[in-house]
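All chains should be built: construct the whole structure from the sequences, respecting the hints.
Protein chains: 2
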Amino acid sequence: MNVATKTYKPINFAEKLSLFSDQWQPRVLAELNDYQFKIVRIEGDFIWHDHKDTDEAFIVIEGTLRIDFRDGSVTLGPGEMYVVPKGVEHKPYAEHEVKMLLIEPRGTLNTGHEGGERTAQNDRWI
Amino acid sequence: MNVATKTYKPINFAEKLSLFSDQWQPRVLAELNDYQFKIVRIEGDFIWHDHKDTDEAFIVIEGTLRIDFRDGSVTLGPGEMYVVPKGVEHKPYAEHEVKMLLIEPRGTLNTGHEGGERTAQNDRWI
Chain A
1 MNVATKTYKP INFAEKLSLF SDQWQPRVLA ELNDYQFKIV RIEGDFIWHD HKDTDEAFIV
61 IEGTLRIDFR DGSVTLGPGE MYVVPKGVEH KPYAEHEVKM LLIEPRGTLN TGHEGGERTA
121 QNDRWI
Chain B
1 MNVATKTYKP INFAEKLSLF SDQWQPRVLA ELNDYQFKIV RIEGDFIWHD HKDTDEAFIV
61 IEGTLRIDFR DGSVTLGPGE MYVVPKGVEH KPYAEHEVKM LLIEPRGTLN TGHEGGERTA
121 QNDRWI
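Residue numbers (UniProt numbering), protein chains in the order written: chain A, 1 to 126; chain B, 1 to 126.
For the record, the hints were derived by calculation from the structure and aren't laboratory data. Possibly wrong hints are sitting among the right ones.
Any copy, or any two copies together, can satisfy a pair, since identical chains are not distinguished.
To be verified - When the alpha-carbon atoms are kept at most 20 Å apart in a straight line, the in silico PhoX-like pairs for lysine-lysine are as follows:
| id | residue 1 | residue 2 |
| --- | --- | --- |
| 1 | K52 | K86 |
| 2 | K9 | K86 |
| 3 | K9 | K91 |
| 4 | K6 | K86 |
| 5 | K9 | K52 |
Keep in mind the model is a prediction, meaning the values are calculated, not measured.
This is the structure we're talking about:
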């Protein structure tokens with residue numbers, strides 16, 4: 001007789017978001033092979049940057065995110081996603097706080113190759 | 001003067017879901033390097049299978065998803081995710097229709113290495 005007993009726990013985005021309030025500091029929720037799912041709160045303007053070696057996926061959970069490009073922009077609300085292709089300069093912006101998921105390879109820095117004071121701690125789990 | 005004019009379009013999950021009603025037939029929404037974001041409707045029982053070479057991420061958009069394992073299960077609602085590790089046998093189940101995202105490498109079949117009649121068309125975009 002096959003008795004299945006373990007109850008595994010899903011990752012709940014709202015619950016994880018309730019554990020921190022600082023902005024621009026992504027937390028890692030899970031890994032998929034060598035990719036990471038990160039959750040982050042952002043508000044205001046970021047810096048122009050790109051990721052030379054990887055695309056970057058954004059999924060908005062709450063709020064409105066605008067991603068500026070050198071030639072335009074995309075605006076995402078809850079239940080929407082966008083993939084910024086590698087090498088494309090972009091600048092996230094949120095008039096009010098946005099809660100969102102990032103999916104990108106392990107080791108990807110939030111500021112890409114720009115560095116500087118806005119660079120967040122990498123590989124910080126929650 | 002830098003005039004940004006283009007308005008790029010985000011991927012809206014509800015809008016994409018409104019374009020099809022068949023179940024167990026994942027549609028590709030986007031690619032992130034060699035990974036794909038797929039959207040799918042499922043209801044009822046699937047077959048036991050695993051993916052020998054890759055983890056597989058599930059994010060529930062609407063409904064309640066149970067993933068059975070040989071030793072237990074995990075139950076996910078909207079705003080929850082779970083990553084099934086590679087090589088782990090699993091069987092998705094939904095009492096009522098679930099709408100969800102899958103994230104996995106391009107080329108991953110829904111039935112893993114099991115094959116059979118439940119194998120959906122791969123790399124079908126929407």
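Comparing the hints with the structure gives:
1. K52 x K86: Result: close within a single copy only, 6 Å intra versus 28 Å inter.
2. K9 x K86: between (33 Å within a copy, 18 Å between copies)
3. K9 x K91: between (35 Å within a copy, 16 Å between copies)
4. K6 x K86: Answer is between: at 18 Å across copies they meet the 20 Å cutoff, but 41 Å inside does not.
5. K9 x K52: For K9 and K52, neither the intra-copy (35 Å) nor the inter-copy (23 Å) Cα distance is at most 20 Å.
Hint check: a violation occurs at hint 5 only; the rest are consistent with the structure.
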